[in-house]
Amino acid sequence: KQEVTQIPAALSVPEGENLVLNCSFTDSAIYNLQWFRQDPGKGLTSLLLIQSSQREQTSGRLNASLDKSSGRSTLYIAASQPGDSATYLCAVMGNYKLTFGKGTLLTVNP
Amino acid sequence: DAGVIQSPRHEVTEMGQEVTLRCKPISGHDYLFWYRQTMMRGLELLIYFNNNVPIDDSGMPEDRFSAKMPNASFSTLKIQPSEPRDSAVYFCASRWDWTSKQYFGPGTRLTVT
Chain U
1 KQEVTQIPAA LSVPEGENLV LNCSFTDSAI YNLQWFRQDP GKGLTSLLLI
51 QSSQREQTSG RLNASLDKSS GRSTLYIAAS QPGDSATYLC AVMGNYKLTF
101 GKGTLLTVNP
Chain H
1 DAGVIQSPRH EVTEMGQEVT LRCKPISGHD YLFWYRQTMM RGLELLIYFN
51 NNVPIDDSGM PEDRFSAKMP NASFSTLKIQ PSEPRDSAVY FCASRWDWTS
101 KQYFGPGTRL TVT
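Chains U and H, in that order, are what the protein sequence lines are.
Using my numbering, read the first sequence as starting at 1 and increasing by one per residue.
Using my numbering, read the second sequence as starting at 1 and increasing by one per residue.
Only chain U is shown next, with the shape it has when bound in the complex (with noise of 0.2 Å):
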């Protein structure tokens, strides 16, 4: 059974800062993953898709890179923004389904 772990569970940057979030899963049998971003109350909104035969992808000041052998990826992001506060979410798509990971607290502060 797929799992997917993330860490940290929770993180505060001041504004400016780049960081990086986690994020492994147990079976590298995968087609894609997924990062997603989640505000307080609202739906998960799509931000990047690596499929397994890439190793990243770029949107703005977002780069997320996928090693399956190992079962890793990472969400960079660049130049961090109050608006940038949120729950970010991974998942990995196997057997036609997402697993997601419990996700990364953000909280950039001015």
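Don't read these hints as lab results, they were simulated from the structure.
Any given hint might turn out to be false.
What the hints assert, rightly or not - Listed below are the simulated BS3-like cross-link pairs for lysine-lysine, each with C-alpha atoms no more than 25 Å apart in a straight line:
#: 1; chain 1: H; residue 1: 68; chain 2: U; residue 2: 97
#: 2; chain 1: U; residue 1: 68; chain 2: H; residue 2: 101
#: 3; chain 1: H; residue 1: 24; chain 2: U; residue 2: 42
Keep in mind it's a predicted model, so treat the numbers as computed, not measured.
Mind docking chain H on chain U? Use the hints.
Just chain H, lined up with the frame of chain U:
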């Protein structure tokens, strides 16, 4: 596109009552998913459909839960009878195929008293 639409956004009901949650997926998406989110357990997949057919309902907690998708633009999740432990946020999500991004609705916050 309006995205995935869910209704109601909030539902408060008494234990034993029937609850029906509704979802309209993004047009053209062939996969529809129902999730439940709680602080303790995180996001759990309850059931998913492909082309309106239920494929995997192994996440449905018990017989009190049922889901239907009568057509490509509408799905329901029903809880009968509801219990306090069913209190959670229920999300509907859809995707075009199994390699594409998954899009979530805003969720229904269910409180059973």
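**Asked** Quick check: which numbered hints come out false for this structure?
**Response** The structure conflicts with no hint, since it agrees with every one listed earlier.
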